[in-house]
Amino acid sequence: MNRAKIMIVDDDPELRLALKLRLRANHYDTVSACDGYSAIALAQKERPNLILLDLGLPAGDGYVVLKRLQDSDALSDIPVIVLTARDPQANEDRTLQAGAAAFFQKPADNHELLEVIQATLRNQAAASSLPS
Amino acid sequence: MTDQATHVLLIEDNPGDADLVRLRLVEGKTPVHVDCFNRLAEGLASLGQSSPSLILLDLNLPDSHGSETFRKVLDQAPDVPIVILSGQEDEALALKAVHQGVQDYLVKGDITSKHLERAMRYAVERQGLLRSLEISRKQQLEFKNRFLSHVSHELRTPLTCIHQYVSLLYDGLSGPVTPEQHDHLSTILKSVNQLHAMIRDLLEATRAETGKIRIEQRCVALGDLLQQAVVMMQAAAQQKNVGLEIAFDRRLPLVYADPDRVLEVLLNLIDNAIKFTPSEGSVVVKACLVEADPESVYISVTDTGPGISAEAVPLIFERLYQNPEQIDGNRNGLGLGLYIAQQLVTLHGGRIWVTSQPGDGSTFSFTLPFYSLAKLLLPVITEQQRLRNSFVLVRVALTSPTQPARGNWRGVCQQALQILRRCVYIDKDLVLPPMGASATEENLFVVASTDMEHVNIMLNRIRGQLESSVESLPAEAAQVTAVPLKLPPAAESDSLEQQVQRVADCVTETILRDLGCKQDFPPKVNDKNADGE
Chain A
1 MNRAKIMIVD DDPELRLALK LRLRANHYDT VSACDGYSAI ALAQKERPNL
51 ILLDLGLPAG DGYVVLKRLQ DSDALSDIPV IVLTARDPQA NEDRTLQAGA
101 AAFFQKPADN HELLEVIQAT LRNQAAASSL PS
Chain B
133 MTDQATHVLL IEDNPGDADL VRLRLVEGKT PVHVDCFNRL AEGLASLGQS
183 SPSLILLDLN LPDSHGSETF RKVLDQAPDV PIVILSGQED EALALKAVHQ
233 GVQDYLVKGD ITSKHLERAM RYAVERQGLL RSLEISRKQQ LEFKNRFLSH
283 VSHELRTPLT CIHQYVSLLY DGLSGPVTPE QHDHLSTILK SVNQLHAMIR
333 DLLEATRAET GKIRIEQRCV ALGDLLQQAV VMMQAAAQQK NVGLEIAFDR
383 RLPLVYADPD RVLEVLLNLI DNAIKFTPSE GSVVVKACLV EADPESVYIS
433 VTDTGPGISA EAVPLIFERL YQNPEQIDGN RNGLGLGLYI AQQLVTLHGG
483 RIWVTSQPGD GSTFSFTLPF YSLAKLLLPV ITEQQRLRNS FVLVRVALTS
533 PTQPARGNWR GVCQQALQIL RRCVYIDKDL VLPPMGASAT EENLFVVAST
583 DMEHVNIMLN RIRGQLESSV ESLPAEAAQV TAVPLKLPPA AESDSLEQQV
633 QRVADCVTET ILRDLGCKQD FPPKVNDKNA DGE
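From first to last, the protein sequence lines stand for chains A and B. Just so we're aligned: 89 in the working numbering is position 89 of the first sequence, and the numbers increase by one with no gaps anywhere. Just so we're aligned: 598 in the working numbering is position 466 of the second sequence, and the numbers increase by one with no gaps anywhere.
This is chain B alone, in the form it adopts within the complex (with noise of 0.2 Å):
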């Protein structure tokens, strides 16, 4: 019987020290095969071809040092272990290096052959470990998800049952009802509504933990988001007698961000607001921009209420916390509200906090990103920190076939987006977040890093499963066509950024001249680079 060969990965760019590694492989008992890199790009650049059993690896390298370089490491490849061979003992740097998930770390002179063996077979062992210990969670979270989503669709369908008949009852549609009785409908439709919304929350929360919560960030107007939020919780702060009010600076910029979450993010925190302020007192929601925080718009609800004590302060966004001072002694809720609501924002790339003073109400407050085209574009307009050769703008006007627009044109909208999306390259092209259908007209962008001669195969890509893959939209009703992107010509001082910045402008100025638009479109306000006034 014939063990296969351990793998090794060693990049070492000393040779003596390569060598000398070599040997104590060699005198081991287990066969061994060795790669040897002496530079990290390299040795990185093999994972792609190769996954090895293990790396051992130097720290300083020619094109890396210290932890850098393991780090590099173990973003690329964080399922094989690493044993760090290092030239010198370090015990803070060995701790991060295992903190961080480093196997083992060794000093160079040290290392006997036998030693080393040893060091690798467990380093192998508890790798793999670990793997199981990961996989089997992931499997329980998954489980747990899959029990959740099901319990809650059985939940649902007696509660729809109850829901409709409670209903049948208080809107008179089965005889009439005394003025009693129709409060104590009322009563158990809104039980009925409470335990609606925690089953939706329970199955949100499951999804928040394994990741499975998407969103579909655009551009979008923040100001109109504050404003339906507040106009939707007016009748319920207006049943506790509580002012609802909304202060924001007009000149807002836009946000990238999925207009549905935020909305929800937005109810959740006022209806905790209203649902803790006594009558009489007030909710305001307000949104701004802080000047330590250029990139993103600061959005808070502040109460009234008895606020938040200095030891719930931290526990507040967990799952499940609810708090023990409940004013009206009103049911709780799950106590999955401001968890979700975190986990959101947080997959907006944006934070979530509340500041409060016991006995002087509380403040929460989250940012979103500003809607910034140059931001979204620097990943693929650029090439090793240089800017591509030219650009073309495609654009997809769709136009529904009937008007009024019938049956499902957002999906047609939504389904054409997703073509698109599979057209490109995604590491050279980028589609454009949509700007928002509207009720017969949806136009959709590509920013393509090609020329006109090459842009043509794109093109009859997108048509051909446009045409192929969207059945209720006929050839006419979708133009598909292309511009080049004329920019002007750019300073040799001018930095990467600026110069993605200009591609970005362009752009903008592409679209609304090719839409014909003067209203004022979105990037160029917010984009924060923009040159001039």
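In isolation and in its complexed conformation, chain A is listed as follows (with noise of 0.2 Å):
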């Protein structure tokens, strides 16, 4: 079976890199965007399976990117975890109801992400299976 690959989102390169050794030792493919439009531009090219985006970029903040994704139709069907420093309480709602899979706040468990994604990506396969 093919690896999952998953898209980064972030404008700490930093963070970015931890994530990606974190997600490639999980067995997961990675590639990253540093700001808004470079992720809506690399979502078309590589067609990730899930996106993991921060909220506070440069270029689109995450709510225009889950925007632009879910009036995409070829790229409104990829889960987005949002995973942010941004308070809970006033974007966690917001988010999910933007079209985002699921919430996290940073700094978030490790062992709790990995799992929401591999649920996320189950769902995703199992969805996609169905006919439609």
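Rather than coming from a laboratory, the hints here were simulated on the basis of the structure. Hints should not be assumed to be uniformly reliable.
Unchecked claim - With a straight-line cut-off of 16 Å between C-alpha atoms, the simulated EDC-like cross-links for lysine to aspartate or glutamate are:
hint, chain 1, residue 1, chain 2, residue 2
1, B, K161, B, E249
2, B, K372, B, D403
3, B, K322, A, D109
4, B, K618, B, D637
5, A, K20, B, D303
6, B, K344, A, D87
As the list claims (entries may be wrong) - Footprint (simulated), chain A over chain B, 3 or more residues, beta carbon under 8 Å:
hint, region
7, 299-313
8, 543-549
Where a beta carbon is used, it is the ideal one built from N, C-alpha and C, also for glycine.
Since each chain sits alone in its own frame, please combine them into the complex, following the hints.
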């Protein structure tokens, strides 16, 4: 079976690297983007199976990215997990309503995050194998 | 240059006194416009239409007496200065009035126009000062809140980086580590987690202060929460060699609470208890009912730690309080945990307190209200102490368009709930607390004080909004239906409470029938007024 590809979107290069190492150690392929604009471009090119999205981003913040993804026929099926330092009280419901599959506040527990990534990918696979 | 006339609301039932006051007002230098009412209800009603600069208030009116009179006015118009005009001198009552927010207390017989004018002017000034103090207090709190929210966001970013890289090392993903290095890394990770918890508490405490903590109360099985909390804390207890047990009556009624917040309170209390209990000691979590208080569940966490000195007991829920006798020399944290716990319990309408014998452990207890459908229904299905005429139960059945649910099912349910709340009349319809979405289904209910002829408007509004606002929910995934509630005939001797209870029972039965479930659905079990066995 092919390895799932996860796109990391975060403007902090150190954190991108740490997440990449963590995800690769768990047998995922990764690609990364550092701002909202390149996130959309890269998503179109790479078609990742899941996106790990920060909210505070240059060139289109996380909400803009969520909206663009939702509006695109080709990309709206890609599940998005939000990983942000922002306040959950102000952002969790809002991101979920904007189409995110899950919300984590930084620093997130790695085991929990990996579990949710796995579950989300599994759901995604089950849903896309259904006849539509 | 013309001064605008001062608008005075005079509430006075004695025509002679009213004329006298008017005369005194007219004699004064400032132009005055007076509206006079001889009943409190009429005076209060007029406040809805216009807002006077000042209220002159007689205390003994046909429809209200004594301190009750000014309390009602204060409730309705907290920002308008009130000067009491009383028939007799009563120093105690005057002080009480001023303590509660009244600006002045004058005795009618003693009033001269100069005296009255001066009292009114100063009352207006004092009220204005109070208001601006209050505004500036709120602004400062708001600033503090924003500042802390900003700081906590900025602190989290480097903390996340530390956390990620240390855990890469700790998990051996950057190469092998020696057992000693592993220990050191574990210490760093623990400290990072402490720092993380402090940042969270800091923000939460400020929020509590500014009244910005949100709780979403629903119908909750408390036993499950207690068990969850104990499971989550078991590792910490074992590490310290402290026993952690749980004891509760299986027949505990359901509570009306926010499960996440109650869990937060429980974790906080259990964490504290473990922290203060020496090795070989024990922590017991209990929940029970108390005869003297028939509307609450009592939850307690008891430890065998050193106890709390009598002087510390009243201080322990204060912000930033830290126990000077902490036994294991461990770091204390910010001293915000119990303060936050207290705020959360209070928001639920409960109480929290501690009992302790120095040398003999402590017990932290708190209460949570029962889930009572009747209590929630009372204000919306009654009008002027009478039951409204007819009721309809509206059901919104949501089914996830995909199996298993994909993406954000919980968010969709939450959004639907908000739409329902927007679509009802809040003074006569009640959106029932959600019963918890299953993995792919959720049922939301509204008890509406209307009949089948009129309910269609509401149904169409709900359908329309669900369709236009919840994009990820196709029309066939949301079924909006309504059934009339068939109430058993009421006995004439029934009290209003009994009548409301009957509606609550009928709602419960209808929901159970509707859902086709045989399980013990919440309300029936806990409604203390339920008839019979």
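Results for each hint:
| no. | hint | in the structure |
| --- | --- | --- |
| 1 | B:K161 <-> B:E249 | holds (8 Å) |
| 2 | B:K372 <-> B:D403 | holds (11 Å) |
| 3 | B:K322 <-> A:D109 | holds (12 Å) |
| 4 | B:K618 <-> B:D637 | holds (11 Å) |
| 5 | A:K20 <-> B:D303 | holds (15 Å) |
| 6 | B:K344 <-> A:D87 | holds (13 Å) |
| 7 | 299-313 | holds (count 5) |
| 8 | 543-549 | holds (count 3) |
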